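2 protein chains.
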Amino acid sequence: MSDTGVTVKKSEDLSEWYTQVVLKSRMADYAPVKGCMIFRELSYALWERIQEIFNKRIKSTGHRNVYFPMFIPESFLKKEAEHFEGFVPEVAWVTVGGDTPLEERLAIRPTSETIMYAAFSKWIRSWRDLPLKLNQWCSVVRWETKATRLFLRTREFLWQEGHTAHATKEEADKEVMEILGFYREVMEDYLAVPVLVGKKTENEKFAGALYTMTLEALMPDGKALQMGTSHNLGQHFSRVFDIKFLDEKEKESLVWQTSWGISTRMIGALVMVHGDDKGLVLPPKVAPVQVVIVPIPYKNADSEAISSKAKEIFQNLQDRGITVVLDDRTEYTPGWKFNEWELKGVPIRIEIGPRDVNQKQVMFARRDTHAKNAVKEEEIVKTTEKMLDEIQICLFSRAKKSLEDGISTVKTYDEFRKFLNEKGGFIEASWCGDSDCEAKVKEETGATIRLISSEKEKPFSKCVHCGREAKEVVYFARSY
Amino acid sequence: MSDTGVTVKKSEDLSEWYTQVVLKSRMADYAPVKGCMIFRELSYALWERIQEIFNKRIKSTGHRNVYFPMFIPESFLKKEAEHFEGFVPEVAWVTVGGDTPLEERLAIRPTSETIMYAAFSKWIRSWRDLPLKLNQWCSVVRWETKATRLFLRTREFLWQEGHTAHATKEEADKEVMEILGFYREVMEDYLAVPVLVGKKTENEKFAGALYTMTLEALMPDGKALQMGTSHNLGQHFSRVFDIKFLDEKEKESLVWQTSWGISTRMIGALVMVHGDDKGLVLPPKVAPVQVVIVPIPYKNADSEAISSKAKEIFQNLQDRGITVVLDDRTEYTPGWKFNEWELKGVPIRIEIGPRDVNQKQVMFARRDTHAKNAVKEEEIVKTTEKMLDEIQICLFSRAKKSLEDGISTVKTYDEFRKFLNEKGGFIEASWCGDSDCEAKVKEETGATIRLISSEKEKPFSKCVHCGREAKEVVYFARSY
Chain A
-19 MSDTGVTVKK SEDLSEWYTQ VVLKSRMADY APVKGCMIFR ELSYALWERI
31 QEIFNKRIKS TGHRNVYFPM FIPESFLKKE AEHFEGFVPE VAWVTVGGDT
81 PLEERLAIRP TSETIMYAAF SKWIRSWRDL PLKLNQWCSV VRWETKATRL
131 FLRTREFLWQ EGHTAHATKE EADKEVMEIL GFYREVMEDY LAVPVLVGKK
181 TENEKFAGAL YTMTLEALMP DGKALQMGTS HNLGQHFSRV FDIKFLDEKE
231 KESLVWQTSW GISTRMIGAL VMVHGDDKGL VLPPKVAPVQ VVIVPIPYKN
281 ADSEAISSKA KEIFQNLQDR GITVVLDDRT EYTPGWKFNE WELKGVPIRI
331 EIGPRDVNQK QVMFARRDTH AKNAVKEEEI VKTTEKMLDE IQICLFSRAK
381 KSLEDGISTV KTYDEFRKFL NEKGGFIEAS WCGDSDCEAK VKEETGATIR
431 LISSEKEKPF SKCVHCGREA KEVVYFARSY
Chain B
-19 MSDTGVTVKK SEDLSEWYTQ VVLKSRMADY APVKGCMIFR ELSYALWERI
31 QEIFNKRIKS TGHRNVYFPM FIPESFLKKE AEHFEGFVPE VAWVTVGGDT
81 PLEERLAIRP TSETIMYAAF SKWIRSWRDL PLKLNQWCSV VRWETKATRL
131 FLRTREFLWQ EGHTAHATKE EADKEVMEIL GFYREVMEDY LAVPVLVGKK
181 TENEKFAGAL YTMTLEALMP DGKALQMGTS HNLGQHFSRV FDIKFLDEKE
231 KESLVWQTSW GISTRMIGAL VMVHGDDKGL VLPPKVAPVQ VVIVPIPYKN
281 ADSEAISSKA KEIFQNLQDR GITVVLDDRT EYTPGWKFNE WELKGVPIRI
331 EIGPRDVNQK QVMFARRDTH AKNAVKEEEI VKTTEKMLDE IQICLFSRAK
381 KSLEDGISTV KTYDEFRKFL NEKGGFIEAS WCGDSDCEAK VKEETGATIR
431 LISSEKEKPF SKCVHCGREA KEVVYFARSY
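Line order of the protein sequences matches chains A and B. Quick note, the first sequence lines up with residues -19 to 460 if you use the numbering used here. Quick note, the second sequence lines up with residues -19 to 460 if you use the numbering used here.
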């Protein structure tokens, strides 16, 4: 593999293209432990940006960040049976501390419901203590046996997990939907990755939840990617962890709970959805660097004039709150720099050569469309701001169109199989609501119900698989 | 233990006082796993503030945040012998993933030198790749066998660890000192905790370092607390991990490295140093809430007028960038609220009762001095800003005086023992430079050399222990 530049086309070998882009752009690298990864500066900067955006929303709605230990005693994990069943095959166990075998082995958190709710039980006494709305940013470990892939499936990944407790089911429902709205904003308005939103089926819901809401994106190979989930846990956990409160009339009740999470997996989706044959394409609202300025010195030309003009532009853009880098390194050629910044997905490149200085202009190169055009000096700031907005909108529209084109509506199982195999994507179909029927489709085709539509409530045919009366409109897909 | 209010005096039982303050202010709680803790909203908000302050400094000097896996294969940890010896007694080991015993057991990072430097070896090829300046915020695990204490010594804690690689020793030296300066700013200018700064002895330096610089604070019980360290690692790790670069003349050399860290331990120091019999006292520059407004309704009085005045003040302060809470909860009495906010260390409380509204004034209560005084309405914003500044300065001055009073300068071992046992604190003394001599002092008194003075270069007597020629002025203390 060459050190610079992506050597395969996205359309020809998505998997190899993805790996090359992620490694060569320095988003990430493999770690010595199989299935683990290193989040390098570019992906971590994206993650920090996501943290900033999401923190602002949850803090302004009364959520507070905390940090719980990574170790969960096995006995705690076992308390909610369904939850334990769901997670135990993938738990990494600590069995030795220093030289001493532990009396009880400790799970490294695959998710923190059980350890958090043991504390909730101590902390919640009265209606005055509700709602309790906590969130933590941390890493979690799931000892995957499936093939792993950078960002999309690794044994350790970064996420946030929110955990709340409420007096009523209605409040918990409202919380689930509020967070779902925040998630959608992060994904669509910032990452420019459009999603389908709806409820999971009983088979696919979170282990231990009453119900799960999900956000699902479509990857270029026609597979769905779950981007985030928000669960109403009902009273399943409050019952086993004994989380009770006295209401204003001194009556004791179990709390209603929610939990919700998004992870660094979204960064993988971002790469997949927007990247092109030259590398990453980052949406301006999350790009760690929005603009790069590359001075182009030329023999005999006045390099001093170019340099001072470049600095002036840098300063003007920075003063407007635009994140800009002036790449005036002398050890690399302009051509090398162009490739590098394209690989890293910087939305706008501004070039300044001797001719530009003379003509009081610069060249703008737009990462998403590859368009280049000259811009008069006095128009630089305005053009930059406008172009950043345009790129953001353009990336989302393009991805939105792909998502919409990727949905096939079918009435028969023949059509279902045909579209799934020939085109992939989401298959919109009517479904009887039976878990066994759903399981058979999975067994026969590899597709699962990604979500039950919230928008289309009326089925438009009999169940696509069994032909019985249909209850819901659902979206099937093969998935990551 | 009562649910509200600290029931012991700081001067009478520091240890019990500390535990009560930390638990009752909701800074932290115990976790089900022995020696682990829960960082609740108040301590995590302080940690986020520390992250913000420190990130700003390191990012503006070209450092980048990243995230490396928590798992380190045993073979990696073993590569640098001194380092392995230093950490292996306290490692938590993962030995099972899912149902399968692992082929090689995995350490949960006690610190990340070994896993990071394996990657550095891949990433660094040329002088163009230097300096490489990375940092990560994460948790680390050290399976302590000593008694643990919330924030000060726990089996899992939060920290940042910086890791850099440079072309020359001089650059690495400079990096070590730059970071030391940032640490001192965080501790003294923000946390208002004064520190002594200097070099560690060979016995006390980081396992694998060339030398270690340290910042040490003094706790009210006369014990020193290591607040942060910055290490020049020399070429110890680059040699074993084969981290080489070609310089501009195509000559191959090993890189010079540094690593440095501060942790949530600093939050424990903050509690210890500033807290009083009523609970926490938080320095305004880091306090998650700087001002609380408590309206005091009174029978027959115009509660509407009080409420609207309180909201107006809230808005005015918030508009000035002050973090302010309006505590208008009706389920608690004003007296209860006063106690709660004092316990939580909020620097300023503003009370508004019916008489205040009539007289167009409010009452200010200052957390650090307990002073109360009436302030005219039009002076509220100005007074708040001034008082926040004063509290910050006052807390630091008071702590600085305690630190200075806590240093005893001695010339003989008799004096040494006398001061150490009767007063505690730092013992300033001349020392021969011999590690065995230092070890004997530790064995005989429990005190270690916390640091070698950077300021006082000339010894002022013979070695305080062995009476041989002295080489350096050092500070001994018992420590956490």
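Simulated from the structure, these hints should not be mistaken for lab results. Hints may contain errors.
What the hints assert, rightly or not - Straight-line alpha carbon distances no greater than 25 angstroms define the calculated DSS-like cross-link-like pairs of lysine-lysine that follow:
| # | chain 1 | residue 1 | chain 2 | residue 2 |
| --- | --- | --- | --- | --- |
| 1 | B | 102 | A | 258 |
| 2 | B | 291 | A | 39 |
| 3 | B | 39 | A | 36 |
| 4 | B | 36 | A | 291 |
| 5 | B | 291 | A | 36 |
| 6 | B | 126 | B | 58 |
| 7 | B | 39 | B | -11 |
| 8 | B | 317 | B | 279 |
| 9 | A | 229 | B | 442 |
| 10 | B | 102 | A | 113 |
| 11 | B | 317 | A | 39 |
| 12 | B | 39 | A | 291 |
| 13 | B | 442 | B | 398 |
| 14 | B | 102 | A | 317 |
| 15 | A | 39 | B | 391 |
| 16 | B | 291 | A | 4 |
| 17 | B | 265 | A | 36 |
| 18 | A | 4 | B | 102 |
| 19 | B | 224 | A | 102 |
| 20 | A | 39 | B | 102 |
| 21 | A | 265 | A | 102 |
| 22 | B | 39 | B | 149 |
| 23 | A | 265 | B | 36 |
| 24 | B | 58 | B | 39 |
| 25 | A | 113 | B | 442 |
| 26 | A | 224 | B | 4 |
| 27 | A | 442 | A | 403 |
| 28 | B | 113 | A | 4 |
| 29 | A | 149 | A | 126 |
| 30 | A | 4 | B | 436 |
| 31 | B | 39 | A | 265 |
| 32 | A | 58 | B | 14 |
| 33 | A | 14 | B | 185 |
| 34 | B | 442 | A | 102 |
| 35 | B | 39 | A | 317 |
| 36 | B | 4 | A | 14 |
| 37 | A | 36 | B | 36 |
| 38 | B | 4 | A | 102 |
| 39 | B | 391 | B | 317 |
| 40 | A | 438 | A | 154 |
Source: prediction; values computed, not measured.
How the hints compare with the structure:
no.: 1; hint: B:102 <-> A:258; verdict: 23 angstroms, holds
no.: 2; hint: B:291 <-> A:39; verdict: 20 angstroms, holds
no.: 3; hint: B:39 <-> A:36; verdict: 21 angstroms, holds
no.: 4; hint: B:36 <-> A:291; verdict: 22 angstroms, holds
no.: 5; hint: B:291 <-> A:36; verdict: 22 angstroms, holds
no.: 6; hint: B:126 <-> B:58; verdict: 24 angstroms, holds
no.: 7; hint: B:39 <-> B:-11; verdict: 42 angstroms, violated
no.: 8; hint: B:317 <-> B:279; verdict: 18 angstroms, holds
no.: 9; hint: A:229 <-> B:442; verdict: 75 angstroms, violated
no.: 10; hint: B:102 <-> A:113; verdict: 43 angstroms, violated
no.: 11; hint: B:317 <-> A:39; verdict: 22 angstroms, holds
no.: 12; hint: B:39 <-> A:291; verdict: 20 angstroms, holds
no.: 13; hint: B:442 <-> B:398; verdict: 18 angstroms, holds
no.: 14; hint: B:102 <-> A:317; verdict: 22 angstroms, holds
no.: 15; hint: A:39 <-> B:391; verdict: 56 angstroms, violated
no.: 16; hint: B:291 <-> A:4; verdict: 54 angstroms, violated
no.: 17; hint: B:265 <-> A:36; verdict: 20 angstroms, holds
no.: 18; hint: A:4 <-> B:102; verdict: 13 angstroms, holds
no.: 19; hint: B:224 <-> A:102; verdict: 54 angstroms, violated
no.: 20; hint: A:39 <-> B:102; verdict: 40 angstroms, violated
no.: 21; hint: A:265 <-> A:102; verdict: 41 angstroms, violated
no.: 22; hint: B:39 <-> B:149; verdict: 22 angstroms, holds
no.: 23; hint: A:265 <-> B:36; verdict: 20 angstroms, holds
no.: 24; hint: B:58 <-> B:39; verdict: 32 angstroms, violated
no.: 25; hint: A:113 <-> B:442; verdict: 61 angstroms, violated
no.: 26; hint: A:224 <-> B:4; verdict: 20 angstroms, holds
no.: 27; hint: A:442 <-> A:403; verdict: 23 angstroms, holds
no.: 28; hint: B:113 <-> A:4; verdict: 19 angstroms, holds
no.: 29; hint: A:149 <-> A:126; verdict: 36 angstroms, violated
no.: 30; hint: A:4 <-> B:436; verdict: 50 angstroms, violated
no.: 31; hint: B:39 <-> A:265; verdict: 19 angstroms, holds
no.: 32; hint: A:58 <-> B:14; verdict: 19 angstroms, holds
no.: 33; hint: A:14 <-> B:185; verdict: 33 angstroms, violated
no.: 34; hint: B:442 <-> A:102; verdict: 58 angstroms, violated
no.: 35; hint: B:39 <-> A:317; verdict: 22 angstroms, holds
no.: 36; hint: B:4 <-> A:14; verdict: 43 angstroms, violated
no.: 37; hint: A:36 <-> B:36; verdict: 18 angstroms, holds
no.: 38; hint: B:4 <-> A:102; verdict: 13 angstroms, holds
no.: 39; hint: B:391 <-> B:317; verdict: 52 angstroms, violated
no.: 40; hint: A:438 <-> A:154; verdict: 24 angstroms, holds
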